[in-house]
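Chemist: Based on the hints, put chain B in the right spot on chain A.
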Amino acid sequence: DSGVTQTPKHLITATGQRVTLRCSPRSGDLSVYWYQQSLDQGLQFLIQYYNGEERAKGNILERFSAQQFPDLHSELNLSSLELGDSALYFCASSPGAAPNEQFFGPGTRLTVL
Amino acid sequence: AQSVTQLDSHVSVSEGTPVLLRCNYSSSYSPSLFWYVQHPNKGLQLLLKYTSAATLVKGINGFEAEFKKSETSFHLTKPSAHMSDAAEYFCVVSDLSSGSARQLTFGSGTQLTVLP
Numbered sequence: 001d002s003g004v005t006q007t008p009k010h011l012i013t014a015t016g017q018r019v020t021l022r023c024s025p026r027s028g029d030l031s032v033y034w035y036q037q038s039l040d041q042g043l044q045f046l047i048q049y050y051n052g053e054e055r056a057k058g059n060i061l062e063r064f065s066a067q068q069f070p071d072l073h074s075e076l077n078l079s080s081l082e083l084g085d086s087a088l089y090f091c092a093s094s095p096g097a098a099p100n101e102q103f104f105g106p107g108t109r110l111t112v113l
Numbered sequence: 001a002q003s004v005t006q007l008d009s010h011v012s013v014s015e016g017t018p019v020l021l022r023c024n025y026s027s028s029y030s031p032s033l034f035w036y037v038q039h040p041n042k043g044l045q046l047l048l049k050y051t052s053a054a055t056l057v058k059g060i061n062g063f064e065a066e067f068k069k070s071e072t073s074f075h076l077t078k079p080s081a082h083m084s085d086a087a088e089y090f091c092v093v094s095d096l097s098s099g100s101a102r103q104l105t106f107g108s109g110t111q112l113t114v115l116p
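Protein chains in written order, with my numbering: chain A, 1 to 113; chain B, 1 to 116.
If we strip away everything but chain A, and leave its shape as in the complex, we get (with noise of 0.2 Å):
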């Protein structure tokens, strides 16, 4: 067990919709990163949030969204869901802003019907 927690564990939902994922880090962590992972695209970074702030973006879509807030948990929005939006939903955590060290949570999987 990483310590890092999300829920829901499944999601399904239809396109056009918006769904919030939600991401507790590790205690005493300060950084969470988000991460999607699909059998086409494999494992791509999302975005990451040190202290409440944005700290790095990768490969996010404007659809999505993601914030990070002052009890440190963090969420991310996908919006106007399409059907490649599928895939496996990951947040990890790390004690500082440097990703050395992340520790995984174990996904939320969401399918777009």
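Source of the hints: derived by calculation from the structure; they are not laboratory data.
Worth double-checking, as some hints may not be accurate.
No more than 20 Å apart at the CA atoms, straight line, and that leaves these computed lysine to any residue pairs for SDA-like [claimed, not checked]:
{"#": "1", "chain 1": "B", "residue 1": "49", "chain 2": "A", "residue 2": "95"}
{"#": "2", "chain 1": "B", "residue 1": "49", "chain 2": "A", "residue 2": "94"}
{"#": "3", "chain 1": "A", "residue 1": "57", "chain 2": "B", "residue 2": "95"}
Modeler: Here is chain B on its own, set in the frame of chain A:
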């Protein structure tokens, strides 16, 4: 820009025989390199990391990797495979080529099968 290539998408070994998972990287700056493992329906777990200290890095569960700058490689090895090693393995590179903040770039993964 940084990139990482895992040379084998699938590797099969017999239990008790050595494991070699190959990784080549490209980086404009001094990189940090990692190996992560993902068991079925689980998140990723860090096996080991290289951050410009010793070039031979020892990790958990008997795995180790050697950083070879001249070959731009960071291959993962284990002397004797165990059934519990069956999983997907990701080679990861991190440098400053994306700007002031380091980002991780993941390889496409190598699925390791261990045969009894």
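Chemist: Taking the hints in turn, state whether each one holds.
Modeler: Hints versus structure:
1. B:49 to A:95: With Cα atoms ~16 Å apart, residue 49 (chain B) and residue 95 (chain A) stay inside 20 Å; holds.
2. B:49 to A:94: 14 Å, holds
3. A:57 to B:95: Distance of about 14 Å is within 20 Å: holds.
Hint compliance for this structure: no hint is broken.
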